[in-house]
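Asks: Below, each chain spelled out in residue letters.
2 protein chains.
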Amino acid sequence: MKTFFDCIPCFVRQSLDAIRMITPDEAVHEQVLREVLRVLAEMDLCQSPPVIAQRIHRLIGVLTGERDPYRQVKDRFNRLALKMYPRLRAGIDESPAPLETAVRLAIAGNVIDMGVNNDLTDAEVHNSVEGALTKALNGQLAVFDRAISSARDILYLTDNAGEIVFDRLLIEQMSPERVTVAVKGAPIINDATMADATAAGLDDLVNVIDNGSDAPGTILEDCSATFREYFDKADMIIAKGQGNYETLSEVDKNIFFVLKAKCPVIARDLGCEVGDFVLRRSNRGRAA
Amino acid sequence: MKTFFDCIPCFVRQSLDAIRMITPDEAVHEQVLREVLRVLAEMDLCQSPPVIAQRIHRLIGVLTGERDPYRQVKDRFNRLALKMYPRLRAGIDESPAPLETAVRLAIAGNVIDMGVNNDLTDAEVHNSVEGALTKALNGQLAVFDRAISSARDILYLTDNAGEIVFDRLLIEQMSPERVTVAVKGAPIINDATMADATAAGLDDLVNVIDNGSDAPGTILEDCSATFREYFDKADMIIAKGQGNYETLSEVDKNIFFVLKAKCPVIARDLGCEVGDFVLRRSNRGRAA
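Chains as they are written, first to last, in this note's numbering: chain A, 1 to 288; chain B, 1 to 288.
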């Protein structure tokens, strides 16, 4: 997905959020803000939003020396999600439709996205989970279910820390021996890295790899050769969150996008409403 | 009030709103957006937001040749407000506290602000009016009432088209022969100009002047000498809307700010909540 003009105000806001987490020094805020505006003025809009976000957050890292401003926030939401985990797992075990319940919870966890909402409260995460079981699911669960049943090699692309615990609930429903989980290769916003996969207990359950990239999505040409091998040989890809949709929506693979549509640009591109719980097979996957 | 970092994403969004009203040509949208980002990257943040907005909207005018993109929107909201006027006027006439009712309605009309919400619907204006009579008023009505009673020369600074009909309801409650109404000297967003004062019937009721400026607020050094004479000799100023607050909050005059707080930056500066109906005497006015 290309970058839309409406993404630009959001990049500016996201930069402000990040820099405020690094320092209270307003002179630094101003310096970063002006540099970000200069970058945005010259950017190539044919690129997807995560390409531009990667460039901006790298710039913030260079200007401030801080490469992981969201580390504390990531820890906080990992802890919150792990605290919720036993009750959620019990809910799935007792559910008449465990896969559907697990999909709903995995999407509920996608609310933990600091790129969209930097002020997320614990209560909002709880509310997202409470609402998840009754909310209409925009997508074809039966197609997803059949695809999982017939897949030999599933690559699961995670999105954010905290959310990755909700992903674990879904992965537990799909014969984990076939599943490889990928996290980001280096910190970017609150996206999950290897430390978060470990915190979520995923490394005891499945093979976990990192993608070698610090983009908030999956820009294949920016990923490591090892990751690309896994990507190429997988016969089913599960891609969590907006960033993975933005970077993979036009890639020729059997991809299922699993996300909450949190912004009007994504919602328009998906043909859904903001707030929708989306489970969508890629057009390329459908044609295959 | 200076410009806060949080105003920057809003300027970008406002520019997009304006340029989309002028042309559907995305190449022009992109050209304007890049120019606006360059201007924002270099701007002086000690200036108030209307100084920067004036510069951006002038730039849009130069780049597109369109100096009044909101003319149709202004006409639309003038018509809507004039249609509502007889019922609202009857409500004030029947009210046990006509001045208070008129203040509330004048603030309700401040929702017609395309700088904040470009997609405003007629229903939202009706809802604003419905809610206005029961909403808590953040301010001292008694002080305002006494100030009006004792004022010899009132200058009423309007904000937006459509809203100006709601201002008429308030002006009708205050012996109009003492009142001069000021509109903007040239189009800027959907701010009221002389055409809107005429459409609202204000020129039959009071002396109407323009301020000689195309800023979305009252930047005194940018206003005409005639306007400044009126401003200097008035012993009470009623300043409608956020833009007038942003530009006059530190001016040494007896000013009453009458507005709906529509953004977090303004709300923080005023020490109120977003959505509050505010009637606030300037600190300078209070000390005098």
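Source of the hints: derived by calculation from the structure; they are not laboratory data. Some hints could be false.
One copy or two, it doesn't matter: identical chains are merged, so the pair holds either way.
In silico EDC-like pairs for lysine to aspartate or glutamate, Cα to Cα no more than 16 Å straight-line [said to hold, decoys possible]:
{"no.": "1", "residue 1": "K135", "residue 2": "D119"}
{"no.": "2", "residue 1": "K253", "residue 2": "D122"}
{"no.": "3", "residue 1": "K262", "residue 2": "E94"}
{"no.": "4", "residue 1": "K2", "residue 2": "E30"}
{"no.": "5", "residue 1": "K2", "residue 2": "D269"}
{"no.": "6", "residue 1": "K2", "residue 2": "D214"}
{"no.": "7", "residue 1": "K135", "residue 2": "E273"}
{"no.": "8", "residue 1": "K262", "residue 2": "E229"}
{"no.": "9", "residue 1": "K262", "residue 2": "D222"}
{"no.": "10", "residue 1": "K135", "residue 2": "E100"}
{"no.": "11", "residue 1": "K2", "residue 2": "E26"}
{"no.": "12", "residue 1": "K83", "residue 2": "E250"}
{"no.": "13", "residue 1": "K253", "residue 2": "E124"}
{"no.": "14", "residue 1": "K262", "residue 2": "E221"}
{"no.": "15", "residue 1": "K253", "residue 2": "D235"}
{"no.": "16", "residue 1": "K233", "residue 2": "E172"}
{"no.": "17", "residue 1": "K233", "residue 2": "E66"}
Asks: Between copies, within a copy, both or neither: which fits K2 and D269 at Cα up to 16 Å?
Replies: within (10 Å within a copy, 37 Å between copies)
Asks: Between copies, within a copy, both or neither: which fits K262 and E94 at Cα up to 16 Å?
Replies: This pair counts as neither: shortest intra-copy Cα distance 30 Å, inter-copy 46 Å.
Asks: Can you give me the call for K2 and D214, within, between, both or neither, at a CA distance of at most 16 Å?
Replies: For K2 and D214, the Cα distance exceeds 16 Å both inside one copy (19 Å) and across copies (36 Å).
Asks: Go through the copies and call it for K135 and E100: within, between, both or neither, with a Cα cutoff of 16 Å.
Replies: within (12 Å within a copy, 44 Å between copies)
Asks: For K135 and D119, with the copy left unspecified, which applies at a CA distance of at most 16 Å: within, between, both, or neither?
Replies: Result: close neither inside a copy nor across copies, 23 Å intra and 27 Å inter.
Asks: When no copy is specified for K262 and E221, does a C-alpha distance of 16 Å or less occur within a copy, between copies, both, or neither?
Replies: Neither: 26 Å inside a copy, 44 Å across copies.
Asks: Can you give me the call for K253 and D122, within, between, both or neither, at a CA distance of at most 16 Å?
Replies: The answer is neither: 36 Å in one copy and 46 Å across copies each exceed 16 Å.
Asks: Is it within a copy, between copies, both, or neither that the alpha carbon of K83 lies no farther than 16 Å from that of E250?
Replies: neither (37 Å within a copy, 50 Å between copies)
Asks: When no copy is specified for K135 and E273, does a C-alpha distance of 16 Å or less occur within a copy, between copies, both, or neither?
Replies: For K135 and E273, the Cα distance is within 16 Å only inside one copy (13 Å; across copies 31 Å).
Asks: At most 16 Å between alpha carbons: which applies to K253 and D235, within, between, both or neither?
Replies: within (8 Å within a copy, 72 Å between copies)
Asks: With identical chains treated as interchangeable, where does the CA-CA distance between K2 and E30 reach 16 Å or less: within a copy, between copies, both, or neither?
Replies: For K2 and E30, only the inter-copy Cα distance (14 Å) is at most 16 Å; the intra-copy one is 28 Å.
Asks: At most 16 Å between alpha carbons: which applies to K262 and E229, within, between, both or neither?
Replies: neither (31 Å within a copy, 51 Å between copies)
Checked against the numbered hints given earlier, this structure breaks hints 1, 2, 3, 6, 8, 9, 12, 13, 14, 16 and 17; the rest are met.
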